[in-house]
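**Student:** Here is what each chain is made of, one letter per residue.
2 protein chains.
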Amino acid sequence: MKKNGISKSVVKRLPRYYRYLGELLNAGVERISSGELSKRMNVTASQIRQDLNNFGGFGQQGYGYNVRYLREEIGKILGLTETHNMIIIGAGRIGRALANYPFDKYGFHTIGIFDRDPELKDMEVKDLHVMMNEELPSFINSHHIDIAILAIPKESATEMAPFLCENGIKAFMNFSATDLNGILPKDVIVEHVHLSESLMKLSYNLNLKKTDDDDVS
Amino acid sequence: MKKNGISKSVVKRLPRYYRYLGELLNAGVERISSGELSKRMNVTASQIRQDLNNFGGFGQQGYGYNVRYLREEIGKILGLTETHNMIIIGAGRIGRALANYPFDKYGFHTIGIFDRDPELKDMEVKDLHVMMNEELPSFINSHHIDIAILAIPKESATEMAPFLCENGIKAFMNFSATDLNGILPKDVIVEHVHLSESLMKLSYNLNLKKTDDDDVS
Chain D
0 MKKNGISKSV
10 VKRLPRYYRY
20 LGELLNAGVE
30 RISSGELSKR
40 MNVTASQIRQ
50 DLNNFGGFGQ
60 QGYGYNVRYL
70 REEIGKILGL
80 TETHNMIIIG
90 AGRIGRALAN
100 YPFDKYGFHT
110 IGIFDRDPEL
120 KDMEVKDLHV
130 MMNEELPSFI
140 NSHHIDIAIL
150 AIPKESATEM
160 APFLCENGIK
170 AFMNFSATDL
180 NGILPKDVIV
190 EHVHLSESLM
200 KLSYNLNLKK
210 TDDDDVS
Chain Y
0 MKKNGISKSV
10 VKRLPRYYRY
20 LGELLNAGVE
30 RISSGELSKR
40 MNVTASQIRQ
50 DLNNFGGFGQ
60 QGYGYNVRYL
70 REEIGKILGL
80 TETHNMIIIG
90 AGRIGRALAN
100 YPFDKYGFHT
110 IGIFDRDPEL
120 KDMEVKDLHV
130 MMNEELPSFI
140 NSHHIDIAIL
150 AIPKESATEM
160 APFLCENGIK
170 AFMNFSATDL
180 NGILPKDVIV
190 EHVHLSESLM
200 KLSYNLNLKK
210 TDDDDVS
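Heads up: the sequence lines are chains D and Y, in that order. For the first sequence, numbering that gives the first Met the number 0 assigns the number 0 to the initial residue and increments by one for each residue that follows. For the second sequence, numbering that gives the first Met the number 0 assigns the number 0 to the initial residue and increments by one for each residue that follows.
In isolation and in its complexed conformation, chain D is listed as follows (with noise of 0.2 Å):
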């Protein structure tokens, strides 16, 4: 299959593209040159021409791609023509900020909320209320889900992650400071999202920078 020789990097920036693309149509930008789209991306217009011709290309020389073509284009790529549904395991700060946040507008549905702690039971979480652990194999048993968003501490997710692809969980969007290496099925994807690192890479790079301000002084 095609798709399957897209390479990691590209997906990558799928979701960039599909992003811009949607600030373009908003901005009645019907029509763009890789060389403006690359402007505005902070891509080389050579590295949009070589990503988009993965997928057939969709440009014409000298005409530019059409905004609203392509965009639906890498949607569907992106699987975004279907919804998704998903459901939040933890119900503290970050588990509640995730279930309101706008991901409704690209597909992305959570239908319900998991906590173990029994205070939290029925605690209204925008237009849910929180459901206990127990309840969630007739809950996945009795709707769709695609993902569940793992917003608990590393020792629960080391724990909760094999029960929920025993009950049928494929997809993970894991915001627990664990990798889950070596403890889930090898066709179960997992999206990590370690905030603790990405501040990690920040003081990384304040630290390089302050050296070679060091140097130069």
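Quick caveat, the hints were computed from the structure, so don't treat them as lab data. There could be a bad hint or two in this list.
The list makes no distinction among identical chains, and a pair is therefore deemed to hold if it is satisfied within one copy or across any two copies.
[To be verified] Distance condition first, Cα-Cα at most 20 Å in a straight line; then the derived SDA-like pairs of lysine to any residue:
{"#": "1", "residue 1": "Lys153", "residue 2": "Arg12"}
{"#": "2", "residue 1": "Lys7", "residue 2": "Val42"}
{"#": "3", "residue 1": "Lys38", "residue 2": "Asn180"}
{"#": "4", "residue 1": "Lys185", "residue 2": "Gly167"}
{"#": "5", "residue 1": "Lys200", "residue 2": "Tyr19"}
{"#": "6", "residue 1": "Lys125", "residue 2": "Ile31"}
{"#": "7", "residue 1": "Lys7", "residue 2": "Val192"}
{"#": "8", "residue 1": "Lys208", "residue 2": "Ser197"}
{"#": "9", "residue 1": "Lys104", "residue 2": "Asn206"}
{"#": "10", "residue 1": "Lys200", "residue 2": "Glu190"}
{"#": "11", "residue 1": "Lys120", "residue 2": "Ser8"}
{"#": "12", "residue 1": "Lys7", "residue 2": "His191"}
{"#": "13", "residue 1": "Lys200", "residue 2": "Ile5"}
{"#": "14", "residue 1": "Lys200", "residue 2": "Ser32"}
{"#": "15", "residue 1": "Lys38", "residue 2": "His191"}
{"#": "16", "residue 1": "Lys169", "residue 2": "Asp186"}
{"#": "17", "residue 1": "Lys104", "residue 2": "Ala176"}
{"#": "18", "residue 1": "Lys104", "residue 2": "Cys164"}
{"#": "19", "residue 1": "Lys153", "residue 2": "Lys169"}
{"#": "20", "residue 1": "Lys11", "residue 2": "His191"}
{"#": "21", "residue 1": "Lys11", "residue 2": "Asp178"}
{"#": "22", "residue 1": "Lys200", "residue 2": "Arg92"}
{"#": "23", "residue 1": "Lys208", "residue 2": "Val189"}
{"#": "24", "residue 1": "Lys104", "residue 2": "Glu154"}
{"#": "25", "residue 1": "Lys104", "residue 2": "Thr80"}
{"#": "26", "residue 1": "Lys185", "residue 2": "Asn41"}
{"#": "27", "residue 1": "Lys38", "residue 2": "Ala176"}
{"#": "28", "residue 1": "Lys104", "residue 2": "Glu72"}
Given chain D, work out where chain Y should sit, using these hints.
**Tutor:** Same frame as chain D, now just chain Y:
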């Protein structure tokens, strides 16, 4: 400088090494071979040796790595031996969740949270009280701030980020759905956390898997 020679992909892996080594220390492990570390981290042993050789190589053939020493050295490279002060821009759900996130354990201290909404003024968030955006210049001027976390919508972010730079901020952790391209001075460091894009990557992989499964059946 040697440090400048470290590739981006290695830097990206360093926080993971740091995290794993911390877990090993907590578990009482003082020495580990690249082979064992490789199994835990799901990275090849030769990759690990290569990565760590970037920093002079902390291991001894047939003897393994000294976990504490290696973690300390990586911590130094990541700039984690110093503490970092942060401010959070936006006291909505994401901003408040981040204020309560345990970044402190890596030396990242949130010392101020700001919003433009007068109704949020003085609201208690962890051990802080929400300040108004107007107070930012004097606050930044009287405190040493290393990092500003942008927990605001993109329209506000494109206004606030340049304003914060003018007032001396040099690094951002950016949760807003914009790359801030072309509007910040070149020496400013930005680490993006685009949550919707993480979901799109998941969606792409789910879609890909479904197509594969269909092919098989």
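**Student:** Of the numbered hints stated previously, which ones are contradicted by the structure, given in increasing order?
**Tutor:** 6, 11, 14, 18, 22
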